[in-house]
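Protein chains: 4
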Amino acid sequence: MRHRTPKATVPPDPRLERWEAGAELPLLAASLVFLAGYALHVLVPEGNRFVRETGLVAVGVTWLMFLVDYAVRYRLSRQRPIRFVRTHWLDTVVLVLPLLRPLRVVKVYTAIRRRGSRARLGLHARVITYAGLSALLLGFAGALNVYQAERHAPDATIRTFGDSVWWVAATLTTVGYGDVVPVTVRGRTVAVGMMIGGLALLGAVTGSFSSWLLSVFAQEGDDEAPGE
Amino acid sequence: MRHRTPKATVPPDPRLERWEAGAELPLLAASLVFLAGYALHVLVPEGNRFVRETGLVAVGVTWLMFLVDYAVRYRLSRQRPIRFVRTHWLDTVVLVLPLLRPLRVVKVYTAIRRRGSRARLGLHARVITYAGLSALLLGFAGALNVYQAERHAPDATIRTFGDSVWWVAATLTTVGYGDVVPVTVRGRTVAVGMMIGGLALLGAVTGSFSSWLLSVFAQEGDDEAPGE
Amino acid sequence: MRHRTPKATVPPDPRLERWEAGAELPLLAASLVFLAGYALHVLVPEGNRFVRETGLVAVGVTWLMFLVDYAVRYRLSRQRPIRFVRTHWLDTVVLVLPLLRPLRVVKVYTAIRRRGSRARLGLHARVITYAGLSALLLGFAGALNVYQAERHAPDATIRTFGDSVWWVAATLTTVGYGDVVPVTVRGRTVAVGMMIGGLALLGAVTGSFSSWLLSVFAQEGDDEAPGE
Amino acid sequence: MRHRTPKATVPPDPRLERWEAGAELPLLAASLVFLAGYALHVLVPEGNRFVRETGLVAVGVTWLMFLVDYAVRYRLSRQRPIRFVRTHWLDTVVLVLPLLRPLRVVKVYTAIRRRGSRARLGLHARVITYAGLSALLLGFAGALNVYQAERHAPDATIRTFGDSVWWVAATLTTVGYGDVVPVTVRGRTVAVGMMIGGLALLGAVTGSFSSWLLSVFAQEGDDEAPGE
Numbered sequence: 001m002r003h004r005t006p007k008a009t010v011p012p013d014p015r016l017e018r019w020e021a022g023a024e025l026p027l028l029a030a031s032l033v034f035l036a037g038y039a040l041h042v043l044v045p046e047g048n049r050f051v052r053e054t055g056l057v058a059v060g061v062t063w064l065m066f067l068v069d070y071a072v073r074y075r076l077s078r079q080r081p082i083r084f085v086r087t088h089w090l091d092t093v094v095l096v097l098p099l100l101r102p103l104r105v106v107k108v109y110t111a112i113r114r115r116g117s118r119a120r121l122g123l124h125a126r127v128i129t130y131a132g133l134s135a136l137l138l139g140f141a142g143a144l145n146v147y148q149a150e151r152h153a154p155d156a157t158i159r160t161f162g163d164s165v166w167w168v169a170a171t172l173t174t175v176g177y178g179d180v181v182p183v184t185v186r187g188r189t190v191a192v193g194m195m196i197g198g199l200a201l202l203g204a205v206t207g208s209f210s211s212w213l214l215s216v217f218a219q220e221g222d223d224e225a226p227g228e
Numbered sequence: 001m002r003h004r005t006p007k008a009t010v011p012p013d014p015r016l017e018r019w020e021a022g023a024e025l026p027l028l029a030a031s032l033v034f035l036a037g038y039a040l041h042v043l044v045p046e047g048n049r050f051v052r053e054t055g056l057v058a059v060g061v062t063w064l065m066f067l068v069d070y071a072v073r074y075r076l077s078r079q080r081p082i083r084f085v086r087t088h089w090l091d092t093v094v095l096v097l098p099l100l101r102p103l104r105v106v107k108v109y110t111a112i113r114r115r116g117s118r119a120r121l122g123l124h125a126r127v128i129t130y131a132g133l134s135a136l137l138l139g140f141a142g143a144l145n146v147y148q149a150e151r152h153a154p155d156a157t158i159r160t161f162g163d164s165v166w167w168v169a170a171t172l173t174t175v176g177y178g179d180v181v182p183v184t185v186r187g188r189t190v191a192v193g194m195m196i197g198g199l200a201l202l203g204a205v206t207g208s209f210s211s212w213l214l215s216v217f218a219q220e221g222d223d224e225a226p227g228e
Numbered sequence: 001m002r003h004r005t006p007k008a009t010v011p012p013d014p015r016l017e018r019w020e021a022g023a024e025l026p027l028l029a030a031s032l033v034f035l036a037g038y039a040l041h042v043l044v045p046e047g048n049r050f051v052r053e054t055g056l057v058a059v060g061v062t063w064l065m066f067l068v069d070y071a072v073r074y075r076l077s078r079q080r081p082i083r084f085v086r087t088h089w090l091d092t093v094v095l096v097l098p099l100l101r102p103l104r105v106v107k108v109y110t111a112i113r114r115r116g117s118r119a120r121l122g123l124h125a126r127v128i129t130y131a132g133l134s135a136l137l138l139g140f141a142g143a144l145n146v147y148q149a150e151r152h153a154p155d156a157t158i159r160t161f162g163d164s165v166w167w168v169a170a171t172l173t174t175v176g177y178g179d180v181v182p183v184t185v186r187g188r189t190v191a192v193g194m195m196i197g198g199l200a201l202l203g204a205v206t207g208s209f210s211s212w213l214l215s216v217f218a219q220e221g222d223d224e225a226p227g228e
Numbered sequence: 001m002r003h004r005t006p007k008a009t010v011p012p013d014p015r016l017e018r019w020e021a022g023a024e025l026p027l028l029a030a031s032l033v034f035l036a037g038y039a040l041h042v043l044v045p046e047g048n049r050f051v052r053e054t055g056l057v058a059v060g061v062t063w064l065m066f067l068v069d070y071a072v073r074y075r076l077s078r079q080r081p082i083r084f085v086r087t088h089w090l091d092t093v094v095l096v097l098p099l100l101r102p103l104r105v106v107k108v109y110t111a112i113r114r115r116g117s118r119a120r121l122g123l124h125a126r127v128i129t130y131a132g133l134s135a136l137l138l139g140f141a142g143a144l145n146v147y148q149a150e151r152h153a154p155d156a157t158i159r160t161f162g163d164s165v166w167w168v169a170a171t172l173t174t175v176g177y178g179d180v181v182p183v184t185v186r187g188r189t190v191a192v193g194m195m196i197g198g199l200a201l202l203g204a205v206t207g208s209f210s211s212w213l214l215s216v217f218a219q220e221g222d223d224e225a226p227g228e
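Keeping their order, the protein sequence lines are chains Z, S, P and G.
The opening position of the first sequence corresponds to residue 1 in full-length UniProt numbering, with each subsequent residue numbered one higher.
The opening position of the second sequence corresponds to residue 1 in full-length UniProt numbering, with each subsequent residue numbered one higher.
The opening position of the third sequence corresponds to residue 1 in full-length UniProt numbering, with each subsequent residue numbered one higher.
The opening position of the fourth sequence corresponds to residue 1 in full-length UniProt numbering, with each subsequent residue numbered one higher.
FYI, nobody ran anything at the bench for these hints, they're computed from the structure.
All values derive from a computational prediction rather than experimental measurement.
Glycine included, each C-beta is placed from N, C-alpha and C at the ideal position.
A few of these clues could be false.
From chain P, some residues computed to sit far from chain Z (all C-beta separations above 12 Å) [unchecked claim]:
#1 E20
#2 D155
#3 V175
Covered by chain P, per the in silico footprint, the following chain G stretches (three or more residues, Cβ under 8 Å) [said to hold, decoys possible]:
#4 86–93
#5 145–158
#6 188–199
Using the sequences and the accompanying hints, generate a full structural model.
Pasting the structure below:
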């Protein structure tokens, strides 16, 4: 998802690459702080107002960081706004819906891990890791959001965070028991996003696993062929 | 889905191609008017009779346009009726069940967009766009139809259009919570169609996304290989 | 699923091939009569005893034909019993559970149709046709069987044949609303078979459709390449 | 899943290979005894205390065997603990959660069967067999575990072992009716594991079946090509 250089006449500012390299790690940290702050805000009991508001502040501050990063990159890219939004559509979506940020977090995490580790993972293992981790983080963010939307609804069936996690697992795997389901408009809107995103991510996991299993068995067959 | 020239002895009328080229855009507009008219008819409260009937008129007029187009193309093709129906089975289905028309709308839309845009989408992106847009439009048409069928049923669980949309999302993704389900024969018949169509379309989305992710990661691996 | 010639020392009787060729059409007819008879027996109201029993007789007679065919083929194959069962496992399963016979019916139907039709279907279309028709026939047989098992159960939710068809559609597509579900042991046993079989068959349909869509779009891209 | 020789400076003890070859069959037997003992412990009525405790003893003794095998292999591998755990992650997971052992059982079973049988299964058939058997055994273990967790919960819907098996089938195939669902934290935790594992395994079955069907039909087309 590295953005291909557009065929614009104006080349991007050379400082863009430096900014992107330097901002990677702070933004990764900010993403995790964002998620942690949001989790604090949602999960800490209402009595403990100080912690809840601290979480909210963390969410706000980190979101400002995302905004600054986006603005700086827009400036340094020297592109027209519409073109920038189009070539950076994932960044734009993630700025507006910061709970989708895990999609980028994992990317960065993968980059870092790869740099440090000697034993490279195979292709299928990397796709499974990426899609699985994204699904995990998106599922956590979605469970928080749906829980926040549902817990005060009068006829809600999702009443605890545990219910919400249980619902997320059944939704992402498309099992969909329906014993607990969102009933509010906001909860259902998030849910539809989770269904589609989860379907795609878990489809990738399943497909890769299937291909990997096939390749393992195919290899095994080859290994034995001469020995027979 | 362009229809291959059949091996009939009589060649199609040369005016056929001109007609098809010229009718493409008006039919696209008609399809959208059809869907909008149907939406108006279903969603506007019963009190506002004038708007509802206007919607119905739009549905009727545009459907007549579809019929005329079908008849003209049959005439110009110089084929026997059975052969024409067989080589144009999608057009025939879409004529009888005009709510399936989105399958063609998206096709046309793709054709237009492709002509104008420089940056061609990759193969997987095109399949995802086509299947995703088809699923969206079919889902919208299905939600309208099921809502119309269910809203006056005595023991219905789908009572608002919001419920219907929620049900469609859960159905197309095969999550299937079952908290709201159609209970009328007509609603269930539409539902079975949605299950099958949605399964195929979303299977295409999932499969393409999975392939695309694999190709992105495979490319990444190649890019790094020399630099390591 | 044509059975490869086993590496047995005794070659099969030359009359085997003649038998198989000659029995194909009568067995196809018998399979359809079997299914129709079973449908009559299950769906005709209990008052109309004569029709119900006629259905049962048709079931019995056709099943005897299957048995004779199996025995003759075993004889002519000149194989030991265990080997014959192993190389003809599908035939054996279908003999014991004749409601699975659609798996063979469609096969024959495909063979016949292919012989007669000039316009050969593409690979993906053939797989979709085969798997889709099998799913349809198996679904019908399963709906009959589950309806028969459930209709007199005290706490059943499947009370009409329509409910049963609706349940089958939701099961084969793995949507699984759960608004109507089997509650008897027999109904649930059939249901588990339908889940697995349906999953595999519809997985084949979905996978083939996805591949076909990809190939259509890939071809389209190629067609345009020179014209750009 | 044979562990590739790590690039460590110290080679593994030559006795390691002998141990692994010799321990394969006893461990396979132990795995089956483990599962049988656990089934006895869970399924035998509470009154029959002797049999239940015998089952528990079998579980404990066999688990000790797994521990000894793990320890011996760690010793003979001459690897540092962290590296050993990383290169044998599947063995480690299976040691901690012995109900996942079927994943290994089937592996061994496949190895044995392959040695003895002349007629080699095709690639797709092997993957389907492996994934299908794993799903079956994992499903059985999961049904036992969830039944144990749920049966005394006050508002449980899974009350009999039959319910539990029914729930497992609906979960592994992602049908997810939701008529019976776990309500305890332990039951739901196992359920989430089953969803993910089952999704992957059945995805492999479905994908392989789809590929196999495509290859059968493709071959058929080739066979006929010259004869036309």
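Review point. Are all beta-carbon distances from E20 (chain P) to chain Z longer than 12 Å?
Key: For E20 (chain P), whose nearest Cβ neighbour in chain Z is about 32 Å away, the distance exceeds 12 Å, so it holds.
Review point. In terms of beta carbon proximity below 8 Å, does the stretch 86–93 of chain G have 3 or more residues touching chain P?
Key: violated (count 0)
**Study point:** Coverage of the stretch 188–199 of chain G by chain P, judged on three or more residues with CB within 8 Å
**Key:** With 0 residues closer than 8 Å to chain P, the stretch 188–199 of chain G misses the three-residue bar; violated.
Review point. Would you say the stretch 145–158 of chain G counts as covered by chain P, given the rule of at least 3 residues with C-beta under 8 Å?
Key: As far as the stretch 145–158 of chain G goes, the hint is violated, because 0 residues have Cβ atoms under 8 Å from chain P.
Check your understanding: Does the claim that D155 (chain P) lies outside the interface with chain Z hold up, using a Cβ gap greater than 12 Å?
Key -> Per Cβ check, D155 (chain P) is outside 12 Å of chain Z; nearest 18 Å; holds.
Review point. Going by Cβ atoms, does V175 (chain P) stay more than 12 Å from chain Z at every point?
Key: 8 Å, violated
This entry does not satisfy hints 3, 4, 5 and 6, going by the numbered hints stated previously.
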